[in-house]
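K.L.:
Here is what each chain is made of, one letter per residue.
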Amino acid sequence: MKRVDLAVIGAGPAGMAAATEAAGAGLRVLLLDEQRSAGGQVFRNVDAASEVRDKVLGQDFVVGRKLTMGLAHRDITHVTGASVWSIEDRVVRFVTGDEAQEVCAEHVLLATGALERAMPVPGWTLPGVMTAGAAQIMLKEAGIATRDAVLVGSGPLLYLVAVQLLRAGYPPRALVETQTRGDMRGALIHWRAALRGWRYLQRGAAMLNELRNAGIARFVGAREVTLLGRRRVEAVHFRCGGTVHELASDTVLLHHGVVPNVQAARAVGVPHRWNNRQHAFVPEVDRWGRTPVEGIWIAGDGAGIGGAQVAEQSGRIAGWAIAQALGGITLEERNARALPLISKRAIELSIRSFLERAYPPYEAALVPEDEATVCRCEEVSAQEIRAAATSGCTGPDQLKAFTRAGMGRCQGRFCGLTVTRLMAEERGVDPDEVGYFRIRPPIKPVSLGALAALHDPNDPLEQVGGHD
Amino acid sequence: MKPDSRFELLEPDVPHVAVHFAGQSYRLPEGANLAAALLAAGVKVFGRTAQRGVGRAPFCMMGACFDCLVEVDGESRQACLMQVREGMDIRRSGQAQEGPYEAR
Ligand code: FES
Chain A
1 MKRVDLAVIG
11 AGPAGMAAAT
21 EAAGAGLRVL
31 LLDEQRSAGG
41 QVFRNVDAAS
51 EVRDKVLGQD
61 FVVGRKLTMG
71 LAHRDITHVT
81 GASVWSIEDR
91 VVRFVTGDEA
101 QEVCAEHVLL
111 ATGALERAMP
121 VPGWTLPGVM
131 TAGAAQIMLK
141 EAGIATRDAV
151 LVGSGPLLYL
161 VAVQLLRAGY
171 PPRALVETQT
181 RGDMRGALIH
191 WRAALRGWRY
201 LQRGAAMLNE
211 LRNAGIARFV
221 GAREVTLLGR
231 RRVEAVHFRC
241 GGTVHELASD
251 TVLLHHGVVP
261 NVQAARAVGV
271 PHRWNNRQHA
281 FVPEVDRWGR
291 TPVEGIWIAG
301 DGAGIGGAQV
311 AEQSGRIAGW
321 AIAQALGGIT
331 LEERNARALP
341 LISKRAIELS
351 IRSFLERAYP
361 PYEAALVPED
371 EATVCRCEEV
381 SAQEIRAAAT
391 SGCTGPDQLK
401 AFTRAGMGRC
411 QGRFCGLTVT
421 RLMAEERGVD
431 PDEVGYFRIR
441 PPIKPVSLGA
451 LAALHDPNDP
461 LEQVGGHD
Chain B
469 MKPDSRFELL
479 EPDVPHVAVH
489 FAGQSYRLPE
499 GANLAAALLA
509 AGVKVFGRTA
519 QRGVGRAPFC
529 MMGACFDCLV
539 EVDGESRQAC
549 LMQVREGMDI
559 RRSGQAQEGP
569 YEAR
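As given, the protein sequences belong to chains A and B, one line each in that order.
So for the first sequence, the numbering used here puts the first residue at 1; every next one is plus one.
So for the second sequence, the numbering used here puts the first residue at 469; every next one is plus one.
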């Protein structure tokens with residue numbers, strides 16, 4: 001089996017920075033990523049983007065090229081289109097197309113980033129409804145703009161996508177925002193963080209200005225959000241103040257924040273804790289990115305949401321720490337490089353707490369109403385989950401047997417946190433006590449043919465056994 | 469002719485190639501993300517759910533939700549993780565017929 005010093009899963013800002021620093025310190029690095037080019041979601045396809053796209057997406061996108069440039073190092077092997085489906089005893093298994101491969105890595109860094117937080121309002125599974133991030137990815141990846149969209153939810157990304165669509169020549173129809181003016185006032189009380197985040201505030205204000213000048217309607221403090229339609233979405237229903245609105249729309253973009261993508265971390269057994277401010281489970285990592293599981297490290301949004309800049313910083317820090325663990329650099333060298341960055345990161349993270357208060361997730365989608373579908377794959381409603389919880393189902397794993405929630409092809413990626421919250425609420429306990437689905441490999445689909453090709457049928461030492 | 473779609477190519481003057489989707493032929497920008505290109509070409513439903521047989525279309529565009537699942541040349545694949553190639557034979561995944569439907 002091929003051996004490397006470090007396998008990095010994910011080529012976003014954290015993964016790229018870590019790979020660059022580790023290779024710079026003499027490590028042989030394998031960088032695995034599902035996309036066709038480096039960048040992650042935030043810098044998706046950044047190297048291929050054109051003049052038109054650069055203009056629409058702006059400077060914050062274009063800077064990603066600095067990171068992708070760092071990957072041109074002879075000790076970094078970047079495999080594109082690679083889905084990692086198992087990490088066990090330092091063996092990383094992945095598929096590219098329908099070919100399976102495995103590699104033995106001294107250390108593994110999970111840089112799997114974030115997922116958009118599920119927003120289970122009634123009707124969110126209808127065709128014509130996507131995440132706002134998905135619309136942005138289409139811009140970055142394919143230069144395709146979404147026309148006449150209604151954006152629903154809260155957070156800076158909602159404004160950013162709206163502005164980018166506007167600049168692309170396809171202004172959205174309206175923004176239906178679920179945060180209230182009280183949320184912003186409450187956040188401003190934490191003036192220290194707000195002051196540090198003034199750049200974000202300023203940028204946010206500029207974006208709102210741009211939307212206002214373009215005459216795009218904004219509804220702030222929206223409640224009772226429901227997406228209506230039969231075969232596809234037809235309208236957005238909501239209440240704003242005392243008025244009930246129904247905006248006709250066949251294209252709805254949802255967003256109310258992002259959460260760590262912890263599928264791989266869970267599968268390798270890293271312990272997780274509920275984070276009340278992020279409304280999500282966050283893996284246990286120290287400031288270097290080290291987890292309690294030997295040889296497993298996590299950097300970037302997958303270790304707790306911090307945004308692209310924090311992800312890059314964490315990637316570098318972990319890259320140096322892993323290099324030190326393998327003797328590539330000394331402890332003194334590691335500290336001299338990493339400690340200043342750790343302080344910078346702390347400042348950047350404090351801004352985050354301001355943003356989390358100013359743009360909280362939409363409460364009614366954290367604990368959805370009965371008729372909302374929670375598990376998209378198996379089509380299980382909030383009501384069915386509540387009913388299971390009251391009839392003696394104690395945890396998410398048991399719930400699978402009761403309702404099939406979390407058993408579909410996305411493996412709970414879009415329902416896991418909602419299931420935990422719903423069950424915690426019903427039972428009157430903490431999310432930590434309820435826990436999460438148990439995640440087992442394969443964490444990405446892998447065909448039997450690809451698996452069979454991995455094994456040498458003449459190997460007398462090979463034990464054949466199935467996954468349970 | 470401009471397809472009936474809410475998705476617009478910012479740079480339409482790129483080479484297009486022919487693919488088949490659900491028995492119809494489409495011309496899509498070569499090398500473009502397959503899910504995005506199909507949406508831009510006017511495809512509204514990519515597959516149907518196993519339980520209720522209702523339509524689904526790409527939701528996350530980042531390989532996580534599996535609502536873009538289609539059959540490409542006989543293999544079940546996520547369209548948002550693929551690029552357009554000449555002559556692809558793409559089919560909807562899941563049940564063929566439309567199920568009863570209510571939004572929820
Ligand atoms: S659109 Fe979600 S996996 Fe492809």
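Since the hints were made in silico from the structure, they are not lab data.
One or more hints might be untrue.
Claimed, not checked - Using 27 Å as the maximum straight-line C-alpha spacing, the simulated DSS-like pairs for lysine-lysine come out as follows:
| hint | chain 1 | residue 1 | chain 2 | residue 2 |
| --- | --- | --- | --- | --- |
| 1 | A | K400 | A | K444 |
| 2 | A | K66 | A | K400 |
| 3 | A | K444 | A | K2 |
| 4 | B | K470 | B | K512 |
| 5 | A | K55 | B | K470 |
| 6 | A | K444 | B | K512 |
Claimed, not checked - To list a few chain B residues with every Cβ distance to chain A over 10 Å, as calculated:
| hint | residue |
| --- | --- |
| 7 | S493 |
| 8 | A504 |
| 9 | M556 |
| 10 | R559 |
Said to hold, decoys possible - Example chain A residues on the side facing chain B (calculated, C-beta under 10 Å, incomplete):
| hint | residue |
| --- | --- |
| 11 | M69 |
| 12 | C410 |
| 13 | Q411 |
| 14 | R413 |
| 15 | R440 |
| 16 | K444 |
Built from N, CA and C at the ideal position, the CB exists for glycine as well.
K.L.:
All hints, please: hold or fail.
P.N.:
Tested hints:
no.	hint	verdict
1	A:K400 / A:K444	holds, 19 Å
2	A:K66 / A:K400	violated, 44 Å
3	A:K444 / A:K2	holds, 21 Å
4	B:K470 / B:K512	holds, 15 Å
5	A:K55 / B:K470	holds, 25 Å
6	A:K444 / B:K512	holds, 26 Å
7	S493	holds, 20 Å
8	A504	violated, 4 Å
9	M556	holds, 13 Å
10	R559	holds, 17 Å
11	M69	violated, 22 Å
12	C410	holds, 5 Å
13	Q411	holds, 9 Å
14	R413	holds, 5 Å
15	R440	violated, 17 Å
16	K444	holds, 8 Å
Hint compliance for this structure: hints 2, 8, 11 and 15 are not met, and every other hint is.
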